[in-house]
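J.: Here's the letter readout for the chains.
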Amino acid sequence: GAGVSQSPSNKVTEKGKDVELRCDPISGHTALYWYRQSLGQGLEFLIYFQGNSAPDKSGLPSDRFSAERTGGSVSTLTIQRTQQEDSAVYLCASSLVGSYNEQFFGPGTRLTVL
Amino acid sequence: SQQGEEDPQALSIQEGENATMNCSYKTSINNLQWYRQNSGRGLVHLILIRSNEREKHSGRLRVTLDTSKKSSSLLITASRAADTASYFCAPLSIQGAQKLVFGQGTRLTINP
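Residue numbers (the numbering used here), protein chains in the order written: chain G, 1 to 114; chain E, 1001 to 1112.
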C-alpha cells in the first residue's frame, strides 16, 4: 500500500502568516508523530498522536504550534504567526500502535519563512 | 535523555569496504532502531534490535547491542555508493510515546 504522504512538499511564506501542513499516515497505523529537522540539526520531536488524542505534546516549541488529527487518520500541523526560526523540514511518521515498531516517515514539508 | 550518540561523526571509505558506526545511550531501553537519511531528506528505517537480542542481521546490515555497556553498532558490509547517507540510532525507552530522538548521526560517504 501507499506510504506516509505529506503536503505540500515545499512551502514558502512570509513572516507572520499562518501555515498548515498535512500528513496522511499509512492506513491502519494508529500512532502518528510530527518531527522537525532544521538545517544540519538532528530530529526534534514535536507531538505524538494515539488515535485522535495527543498524549505527548511536549515537543511543541510554543503556543503558536498546534496539531490535530481527525478520524484517526489525517493530521494537520498548524503554525500561527510564523517566524524565521520556524524554517525547517517538518516530518511526519506513523507506526503500529503500542508495538515499539519502526516508524515510517513521509517525505517531509520544507518550510521557509521569509 | 533518550538520545543516542553516534560515532564517528563522519566516515569516508572506498566502495566495497565495510563501514562500522557506533551508538551510545544512557537510558534503559526496550529496543534500539537504526535509520538512514539520504541527502534528499527521506528517513528510512533500517533495523530494530530488541533489548533481549545481542545481534541481528538484515541483508548487508549487522547490528549488535550490548545493554551492559549501553552501546550498539551498525556494520554495513560490501559498501555501495548508494549507502552514502547519514545514519542515526534511536534508543526506545520502556515507557512513553516511543518518540525518536536522534543525535547528530554519522555521515557516511562511499567513494567509488
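No lab work stands behind these hints, which were simulated from the structure alone. A portion of the hints provided could be inaccurate.
Stated by the list, open to error - Some chain G residues near chain E, calculated using beta-carbon distances under 10 angstroms:
| no. | residue |
| --- | --- |
| 1 | E44 |
| 2 | S58 |
| 3 | S95 |
| 4 | P107 |
Said to hold, decoys possible - Chain E regions said to be covered by chain G (calculated; three or more residues, Cβ under 8 angstroms):
| no. | segment |
| --- | --- |
| 5 | 1081 to 1087 |
| 6 | 1102 to 1112 |
C-beta atoms are modelled at their ideal positions from N, C-alpha and C, and glycine is treated no differently.
J.: Next, verify each hint and record whether it holds.
T.: Hints and how they fare:
no.	hint	verdict
1	E44	holds, 9 angstroms
2	S58	holds, 9 angstroms
3	S95	holds, 8 angstroms
4	P107	holds, 6 angstroms
5	1081 to 1087	violated (count 0)
6	1102 to 1112	holds (count 4)
This entry does not satisfy hint 5, going by the numbered hints stated previously; all others are met.
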